[in-house]
Every structure is written in structure tokens, then in C-alpha cells.
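Take these sequences, add in the hints, and give me the full structure.
The listed protein sequences derive, respectively, from chains A and B.
Heads up: the first sequence begins at 1 in the working numbering, then just goes up one per residue.
Heads up: the second sequence begins at 1 in the working numbering, then just goes up one per residue.
Possibly wrong hints are sitting among the right ones.
Said to hold, decoys possible - Below, simulated DSS-like cross-link-like pairs (lysine-lysine); rule was C-alpha separation at most 27 Å, straight line:
| # | chain 1 | residue 1 | chain 2 | residue 2 |
| --- | --- | --- | --- | --- |
| 1 | A | Lys193 | A | Lys75 |
| 2 | A | Lys52 | B | Lys82 |
| 3 | A | Lys75 | A | Lys127 |
| 4 | B | Lys82 | A | Lys75 |
As the list claims (entries may be wrong) - Selected chain A positions facing chain B (in silico; Cβ < 10 Å):
| # | residue |
| --- | --- |
| 5 | Leu68 |
| 6 | Val79 |
| 7 | Ser80 |
| 8 | Ala92 |
| 9 | Pro143 |
| 10 | Leu147 |
Source of the hints: derived by calculation from the structure; they are not laboratory data.
C-beta: ideal position from N, C-alpha, C; glycine also.
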Amino acid sequence: MTEIITLDHITKRYGGRTVLRGICHTICRGDALAFVGHNGCGKSTILKVIAKLVRPTAGKVIYHSPLLFHYIPEKFPPVSLSAREYLLRMGALSGMRQDEAVHRIRMLSEDFFLEELLDSPMQSLSKGTLQKVGVIQAILKRPDVLLLDEPLSGQDAASQSVFIKKVNQLQEEGVTVFLAAHELKLVHAVAQKAYTIKDGLLAVYVPQETPFYRVLLEGNGTEKEPEGMTRQGRYHKLRLAEAECDGLLPKLLSQGWKIRGMEREDT
Amino acid sequence: MKRIVELSNYQLRVYFKSSRFVMPFIVTVVFLAVLYSSRPVSIESSFALTCFLLFGVMAWAGYTFPSGEDTVMEQILFLRVKSGLIYYAGKSVALAAAAVLLSGFGILIPGVQWLLHGGMFFDRAAEVSDLLAALLLFPACSFAGGALGGLLHPVVIPERKCASLLTTLFVLLSVIRGPLVREIPFLRALFWVLPPVEGAASVYMGTQDALPARLTGYFAALFLYGVVYCVVKSLICFYKKI
Chain A
1 MTEIITLDHI
11 TKRYGGRTVL
21 RGICHTICRG
31 DALAFVGHNG
41 CGKSTILKVI
51 AKLVRPTAGK
61 VIYHSPLLFH
71 YIPEKFPPVS
81 LSAREYLLRM
91 GALSGMRQDE
101 AVHRIRMLSE
111 DFFLEELLDS
121 PMQSLSKGTL
131 QKVGVIQAIL
141 KRPDVLLLDE
151 PLSGQDAASQ
161 SVFIKKVNQL
171 QEEGVTVFLA
181 AHELKLVHAV
191 AQKAYTIKDG
201 LLAVYVPQET
211 PFYRVLLEGN
221 GTEKEPEGMT
231 RQGRYHKLRL
241 AEAECDGLLP
251 KLLSQGWKIR
261 GMEREDT
Chain B
1 MKRIVELSNY
11 QLRVYFKSSR
21 FVMPFIVTVV
31 FLAVLYSSRP
41 VSIESSFALT
51 CFLLFGVMAW
61 AGYTFPSGED
71 TVMEQILFLR
81 VKSGLIYYAG
91 KSVALAAAAV
101 LLSGFGILIP
111 GVQWLLHGGM
121 FFDRAAEVSD
131 LLAALLLFPA
141 CSFAGGALGG
151 LLHPVVIPER
161 KCASLLTTLF
171 VLLSVIRGPL
181 VREIPFLRAL
191 FWVLPPVEGA
201 ASVYMGTQDA
211 LPARLTGYFA
221 ALFLYGVVYC
231 VVKSLICFYK
241 KI
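Next comes the structure, spelled out in C-alpha cells:
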């Protein structure tokens, strides 16, 4: 694995508060790292320190070769251009030929269900749609490093799936991915390693030891409700430990219940 | 170089598609239309007034230029061009291009009047040196004004009311700097930081033979002031932001 970035004793203080404390880490090409944790723990800061958008108070970030970073922020800001014009300008700034950029924008906007809104002024787009423009600008041309700061905020489920697929494709092509997120579903789908930042220190994220699942079931009204089941709209919700699922779910299915959804609780 | 051009192209498109340029544009056109509404017009004095107008309007435009900037969008652009030098050079080139575009009106409006009146618009026959004067003086004054307004960037002076007052003060002092220094000589030690715009009124004085040299010197001085302001602003922004 080729080393591309070294974090050498990185410390970052804002006022009197130390957000990052002497962090040392080496990142290799194709790594996909996620930073999880509560608001203000330093997830976004570490992303910006890695990209040299924020200067550390102490320590240094070393790039072992020149790197092209692309960034998807949590809230993508609008500018006074249409989405198409903005993306074309970004393509030109990345050194893409006009026809190449046009083709790529068409493909990506179809993937993200954005074709009909491409000519709308960005200032009139909804938050979720703007976020899609933010995603497309970042993957228009393949970067060396992709920084994702809560990239899915406001996006619909179908676009989220497309996004996860695209990021995984890029990672297979050798793009290094850094993700700061609350959504563990995204972390599990994208990252190879996950870290939390506690008291300014990087710690390997350990997921909940006994995972629980939320199962949505639909019945015809005659079935017996098992203990712990609660009503949720037209469905019933059941919280089950992983070990219980294999035994209980077939039993419920045989009683006439139908599974309408299942989700790991920590996602 | 290509990325600088692309970045300045992007900055200009965003600027001209926003409402920020509308008022400076209207003020320039109205002022020039009034200035060139009756004839005969003195070339020397109308050119000097146009220089002061373009300097003031571009200082205004330079001051409002960064108000549409968003930190996150700047970070995206900064990473995309991979270099602080390219990023800030691109912004400075965009400002210079806006200055050239605006100064085009300073040439276009009297030029149209001159053509409409069959060359009998000014108080004397216009010469090639007058066109040269307009081509050198107007963009130089515009750029120096834009760079001066841009120097008071939100990162340099976050308090915007104070920045707008300072912009107005600097513009006025630049225009009256010559007479002030003659009255109070020690002000020269302070006022060298302001661009020598007041020289537009005196550039025609002296022998006609030396006019091209005076124009070139004046252009170079204003251009240099503009470049220095852009460099200072860029360095402050670079070191204060990250």
C-alpha cells in the first residue's frame, strides 16, 4: 500500500479548547476512513486539517505526492449560476474538455435524478438538490482524495444508494476517502476503518457489541402480537437482538406476519 | 495559467449574474451620459473626471465583490485549483477584467458621441494620443480603485460598517491627495500608501511630446499600486483563513 498522507503530531486548538491532541496517523492510497462522534468532537476539523484548509496549531500534515482533493460539504452553498453552468465551470477548472464535462454531467445528473433541474438557478434549488450538485461537482473528475462531511444530508433514499455505489467505485479505483458522519449506515457502507475522536485523541470506533434490529411487520389483524411489539402507523414495530432474529422471525412469518422493513439499530 | 483564466472566468460569471454589479454599472453609465450630454466637452477635464469616477465606482465594486463569497465554496475552489497562488491570482485577474470592462464604458460613451457629432464633439480635434490616454488611464484607475476596495475584504476588516467608511475615506483622500500634500507637506509620509489618482488631472500638463511617457509612467504607477493591494489582501486572507 502506498502511503500518501502522514499526520505528524497534529494538535488543533480553538480558543482554549483542544479539538485534536497530538494525532499521528499514516494514510495509504485507497483507504476509506470514517470519523464518527458527537457534534463538535472534531470530525470536520480533522478533515480540513488533512486537506490543509485549516492550519494545525502544532504538528504538520505531510503529503508524499501532490494530491487532488475534492470536497463534499455538509451544506453545499448556492451561487448565482444554474447548476449546469456551475458544473461546467468546475469541469473546466479541473482541466476537463467541454464535451467531456458535458457528457459526464449528463450521466451523473441522470444517476442522481437531477436532469430536469440542471438549468434552474442554484439559488432556487432545495437543500437536498443542492447537495446533489455538491456531490456531482466532487465526482465530476476523479480526485486522489475525497472528503465527505455529512454528505447525505437532505438527500432522498435513491440518491443515497447511488452515492454509496459511486463512492465505493471510486475507492476501488484507488481514491482515498475520508468521511465525517453521524449516520452509521453510511459509515458501514463506505468506510473500511472508523474512528471516534475522544478528548482530542483518535480511537478506533467499536460498534455496539450486541446489535439490535428494528423490524417492521404487517399483519392482517388476526395474528397474536408477540411481547414488546408496538404499533407504528399501519405496521407494527419489534426490537430484536441479533440472536433472536433467526428464531423468532420465521415463527412470525409462519403465523401470517409479513416483514416490511428491517434496520440495524445503530444505523 | 489556464486555471487562473478559468477561475477568473468563473468569478466574473458569478459576479455578473449577481445583483452586486448592477448599482455600480448604473452609476457609471448615468454619470458618463450626463458628463457627455452637452458639447463642446473638454477632453482633459472630462477624462480626469472619468478617471475619478471609475476609480470610485470600482472601489465600491471591489468592496462589494467578496460579499457573495461563501467560505465553503471558497474551500471547494481552493482545493480544486490546488494552489493558494493560483486561487488568489484568479480572483485578482477577475477584478482586473471587471475594471477593464467598466472602463470600456468610459471610452464607449464619448466615442459614440464623437461619432454621432461627426468628430465635432470635443473642444478640440481628438488625436490618437487621446485614445491612448483613455486606453491607459481608465483601466489603470479602475483597477487601482477595485484593488483598494478589495483590500478592505471581510477577512481583513470584519466590521463592514467601518470598512465601508474607510473605503469612502480612502477614495476621497486619493482624489484630493495632491492639493492636500501641497498644503500640509508632512502628509506625504502617510499618503504614499494611496494610489496617485489625482495625477489624472495633470497628466495632460507639460509638453505634448512627453505625453506618452507621462501616460505610461502614470499607468505603471497605478497598476503597481493595484497589484500591491491585491498581493497584500491575498496574503492576509491566506494567513488569516487557515
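Tested hints:
1. A:Lys193 <-> A:Lys75: Holds. A:Lys193 to A:Lys75 sits at ~25 Å (cutoff 27 Å).
2. A:Lys52 <-> B:Lys82: holds (10 Å)
3. A:Lys75 <-> A:Lys127: Since the Cα atoms of A:Lys75 and A:Lys127 sit roughly 8 Å apart, the hinted pair holds (cutoff 27 Å).
4. B:Lys82 <-> A:Lys75: Measuring from Cα to Cα gives roughly 22 Å; hence the hint holds.
5. Leu68: At about 6 Å, which falls below the 10 Å cut-off, the nearest Cβ of chain B leaves the hint on A:Leu68 intact, so it holds.
6. Val79: Nearest chain B Cβ about 5 Å off; hint holds.
7. Ser80: Hint on A:Ser80: holds, closest Cβ of chain B at ~4 Å, below 10 Å.
8. Ala92: holds (5 Å)
9. Pro143: Result: holds, 8 Å to nearest chain B Cβ.
10. Leu147: holds (8 Å)
Hint violations for this structure: none, all hints satisfied.
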